[in-house]
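Asker: Protein sequence lines correspond, in order, to chains A and B.
Here the first sequence is numbered in the numbering used here, starting from 6 and rising by one per residue.
Here the second sequence is numbered in the numbering used here, starting from 90 and rising by one per residue.
No lab work stands behind these hints, which were simulated from the structure alone.
Treat each hint with caution, since some may be false.
Taking lysine-lysine and the BS3-like style, the derived pairs with C-alpha atoms no more than 30 Å apart in a straight line are [what the hints assert, rightly or not]: (1) B:K103 with A:K47; (2) A:K47 with A:K61; (3) A:K47 with B:K98; (4) A:K61 with A:K115; (5) B:K98 with A:K103; (6) A:K115 with A:K47; (7) A:K103 with A:K115; (8) A:K61 with A:K76; (9) A:K103 with A:K73.
Chain by chain, the residues run as shown.
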Amino acid sequence: GESVGLHLPTLSVQEGDNSIINCAYSNSASDYFIWYKQESGKGPQFIIDIRSNMDKRQGQRVTVLLNKTVKHLSLQIAATQPGDSAVYFCAENPGGFKTIFGAGTRLFVKA
Amino acid sequence: NAGVTQTPKFQVLKTGQSMTLQCAQDMNHEYMSWYRQDPGMGLRLIHYSVGAGITDQGEVPNGYNVSRSTTEDFPLRLLSAAPSQTSVYFCASSLVRGLGTEAFFGQGTRLTVV
C-alpha cells in the first residue's frame with residue numbers, strides 16, 4: 006500500500022553540525038514531495054519541496070535530495086541551530102489531492 | 090493575514106457527545122482538508138474538499154462529517170464521540186495546482202474523549 010516511512014524516529018546533533026533526516030517512500034507514482042517542520046504545540050510548517058523531475062533542491066540552510074531509483078528522500082540542514090529542534094515530516098503526493106505523511110523524525114539540537 | 094484558524098484549541102468530550110471543530114482560512118484557497126495526528130504517527134487524512142460544495146473522504150473518515158458551504162470555512166463534525174477519536178486535529182488549506190500543493194496548517198485542536 007501507499008506509505009511514507011522514516012529510517013530514524015529521533016536524531017540528536019550538536020549545534021553547528023549538519024543534520025540529515027531520511028525518508029523512504031513506496032509509491033512510484035508520487036510526483037511531488039514536501040518536508041514539513043512541526044514545533045511543539047504548533048501545526049506543521051512547510052520547509053521545502055521537490056518535484057519528481059529533480060534530484061536536488063536547495064533553500065536557505067536546507068537541501069532536499071531525491072533518489073527515485075531507491076525511492077528515498079532526505080533533508081539536510083546546514084549548521085543546525087537550537088531553533089531547528091522539532092519534528093520533521095516528509096510527505097508525498099501520489100497524484101490528485103491526497104498528501105501522505107510519514108511518521109516523523111524528532112530532531113534534538115544539543116548546545 | 091490570519092492564515093488558517095482553528096477553534097477551539099482544546100476540548101474534552103464525554104463518550105457519545107457531538108461537537109463541531111471549526112476551521113477558517115482567509116487565503117482564498119480552494120483546497121481544504123482535515124487531518125488527525127496520533128502519538129508516534131504521522132498525519133492521517135480524514136476528509137478533504139476541493140471547493141465549495143465538494144467534499145470527499147480521506148483515509149480515516151468514519152465517525153466524522155464535513156461540509157463546505159463557503160470557500161473560507163470547513164467544519165469537522167464528530168457525530169458521537171468515542172475514546173478512539175482522542176487526537177490532535179489539524180485543518181489545512183492550499184491552492185489547487187496541477188502538480189501537488191504546499192499546505193498551510195492551523196494550530197490544531199487537542200481533543201480528549203473520556
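Asker: Next step is simple, just say for each hint if it's right about the structure.
Answerer: Going down the list of hints, with the structure as the test:
1. Restraint check for K103 of chain B and K47 of chain A: the C-alpha separation of about 25 Å stays at or below 30 Å, so the hint holds.
2. Straight-line distance between C-alpha atoms of K47 of chain A and K61 of chain A comes to about 28 Å, which keeps the hinted pair within the 30 Å bound.
3. Restraint check for K47 of chain A and K98 of chain B: the C-alpha separation of about 11 Å stays at or below 30 Å, so the hint holds.
4. Taking the CA atoms of K61 of chain A and K115 of chain A, the gap is near 28 Å; set against the 30 Å cutoff, the hint holds.
5. Between K98 of chain B and K103 of chain A, the direct Cα distance comes to roughly 25 Å. Compliance with the 30 Å bound is thereby established for this hinted pair.
6. A threshold of 30 Å between alpha carbons decides the hint, and for K115 of chain A with K47 of chain A the separation of about 21 Å falls inside it, so the pair holds.
7. Under the criterion of a C-alpha separation no larger than 30 Å, the hint pairing K103 of chain A with K115 of chain A is inconsistent with the structure, at around 36 Å.
8. Of the supplied pair hints, the one linking K61 of chain A and K76 of chain A holds, its CA atoms being roughly 14 Å apart against a limit of 30 Å.
9. Under the criterion of a C-alpha separation no larger than 30 Å, the hint pairing K103 of chain A with K73 of chain A is consistent with the structure, at around 20 Å.
Going through the hint list in order, the structure does not satisfy hint 7, though it satisfies all others.
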